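Enquirer: Produce the entire structure from the sequences given, and follow the hints as far as they go.
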Amino acid sequence: MIFAMGPRAVLLPLAKVAGEDVRHAHGWALAEKHAAGLEALLAPSLQSPNGVAAVVDLDGFESMSASYVKRILVWLLIAGERSAVGPKGVAEGPPAMNVYPVIINAAPDVREEVSIVLEHSNRTCFEALEFDGTAIRRARLVGKIDKNLTETLLRVLSAKEASAPMFHERFPDEQIGVTAWNNRLNELYARRLVWRDKRVRQFVFRPFVEEVLDG
Amino acid sequence: MILDSGDVDDLRRAVSENLPIRLSEIEDLSLGAATELAVAFVGWREAGTQAAMRLVSTLSKRSRTFDRTIDALDGISSVVPGDYDAPLLDIQPVAPSLDAVEWLLFSQRLRRSLEANGGFEPRKAMALSKVMSELVDNVIEHSGVAGTTPSRAVVGYAIESGRMNLAIGDVGRGVLESLRENPEWRERLPNARAAIEAAVLEHASRRTLTGLGGLGLRSVQQTLVDLNGSLRFRSGDAALTLEGPGQAREIRRSHSPQMPGFQVAISCSTSGNY
Chain P
20 MIFAMGPRAV
30 LLPLAKVAGE
40 DVRHAHGWAL
50 AEKHAAGLEA
60 LLAPSLQSPN
70 GVAAVVDLDG
80 FESMSASYVK
90 RILVWLLIAG
100 ERSAVGPKGV
110 AEGPPAMNVY
120 PVIINAAPDV
130 REEVSIVLEH
140 SNRTCFEALE
150 FDGTAIRRAR
160 LVGKIDKNLT
170 ETLLRVLSAK
180 EASAPMFHER
190 FPDEQIGVTA
200 WNNRLNELYA
210 RRLVWRDKRV
220 RQFVFRPFVE
230 EVLDG
Chain C
102 MILDSGDVDD
112 LRRAVSENLP
122 IRLSEIEDLS
132 LGAATELAVA
142 FVGWREAGTQ
152 AAMRLVSTLS
162 KRSRTFDRTI
172 DALDGISSVV
182 PGDYDAPLLD
192 IQPVAPSLDA
202 VEWLLFSQRL
212 RRSLEANGGF
222 EPRKAMALSK
232 VMSELVDNVI
242 EHSGVAGTTP
252 SRAVVGYAIE
262 SGRMNLAIGD
272 VGRGVLESLR
282 ENPEWRERLP
292 NARAAIEAAV
302 LEHASRRTLT
312 GLGGLGLRSV
322 QQTLVDLNGS
332 LRFRSGDAAL
342 TLEGPGQARE
352 IRRSHSPQMP
362 GFQVAISCST
372 SGNY
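Protein sequences, first through last, are from chains P and C. Under the working numbering, the first sequence is numbered contiguously, ending at residue 234. Under the working numbering, the second sequence is numbered contiguously, ending at residue 375.
Each statement offered as a hint is correct.
List of simulated lysine to aspartate or glutamate pairs, EDC-like, C-alpha gap at most 20 Å:
| # | chain 1 | residue 1 | chain 2 | residue 2 |
| --- | --- | --- | --- | --- |
| 1 | P | K163 | P | E138 |
| 2 | P | K52 | C | E242 |
| 3 | P | K35 | P | D78 |
| 4 | C | K162 | C | D105 |
| 5 | C | K225 | P | E131 |
| 6 | P | K217 | P | E180 |
| 7 | P | K166 | P | E193 |
| 8 | C | K225 | P | D128 |
| 9 | P | K179 | P | D233 |
| 10 | P | K166 | P | E230 |
| 11 | C | K162 | C | D175 |
| 12 | P | K52 | C | E203 |
| 13 | C | K225 | P | E81 |
| 14 | C | K162 | C | D172 |
| 15 | P | K35 | P | D151 |
Not close to chain P: a few residues of chain C, all C-beta gaps over 12 Å, as computed:
| # | residue |
| --- | --- |
| 16 | D105 |
| 17 | D108 |
| 18 | V116 |
| 19 | E126 |
| 20 | I127 |
| 21 | S179 |
| 22 | R274 |
| 23 | G345 |
| 24 | S372 |
In case anyone wonders, no lab produced these hints; they're calculated from the structure. Since the structure is predicted, the reported quantities are computational estimates derived from the model, not experimental observations. Don't be surprised by glycine CBs; every beta carbon is placed ideally from N, CA and C.
Expert: Printed below as a string of structure tokens:
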């Protein structure tokens, strides 16, 4: 079972953090407050050796503003990126956290706002469609990702595990070099769409969702 | 006559050039005009400009909108509505120390009033309350130097049947200085006009970290496209006005006498005619 080794999935009910009467989550200030609650829920799991699939449950929210989405979701995505590739000299923003942000139960308006914000920031995350509390069975992508990366992601899902030499060997007709495969896989990892571990001297990339709906 | 933001530019010019002002003709100020004039007043008060002090004193007696805007810019909430009220006029200081819950309540009052008094559909009311939050965030984020306390600011709305006005203004460093913090924009912005256009039309941000900035004013515009609104952005010595729906939106650029901060005024109606 490959998922047993991957990031530990944790459900983070945002409505519980926000309080029952908050159906419209607008503004950075409110998001700051809720983010503190979310991070407190997340903290005990952050020691998991392969990181945490932070499944942010948006159930109960009818609308969210761009600032709110940025502070809650983009912030987590940047924290995850930083754990994968470092802060790249930019001091502002969150500290590195080995998280793989995922959303679930987004109302149509909320999903639309998340999508706009992620496209603007050139980021992507999974929206879980089936989550049983421990594993994400089905998901789809929200945000912006180019076609090559989407195809690579689907191949990782199909193969269950991947490395650059492995894909170079498996798809010889595509004229994609080992370095190019490596770049694509590492970008998926930086975007927190796959996780990776090291086998002897090479990285092996694996999915943490079982099925992804394309398109 | 009811002064609007463009009239305030003329009024401020008259004050700075010591020209006669026919105060008897002024009955009231729009919320946007009140916000810009209140920001100007802060500078006049510090400079001790007597003619301006008389002008402000007269207008604050004549216009409760203006009077409350001045109070709010001084950090005083002269009217505090109840948690479940839906006031027609609500003007509050933007104080970063306020708890997020107070902003949530303000946002909820705006939404309730838009629906109950303005006759706006719930979905539009919700979109407009998002606009307000984005603008407040913008002040908190950009009016002060990064990492320091934001400047004094005021936010308010005025609602009548089928119509809404929203205004926000700060006395901070303005859009030009804020955007120049970002190396990507520093060399490309010769003046305040270029800075406003970059912020409003190109979604430029002071933040260098992609994804955490630059989208607020875009969502403001997007919402107003659907509502056929009018938006005025003012900073430094420049103003930019967007009027009309979607693709037919007209962009007007105008000179506005130098003043600190960034001010935004929004007007829209349920009928599409603002």
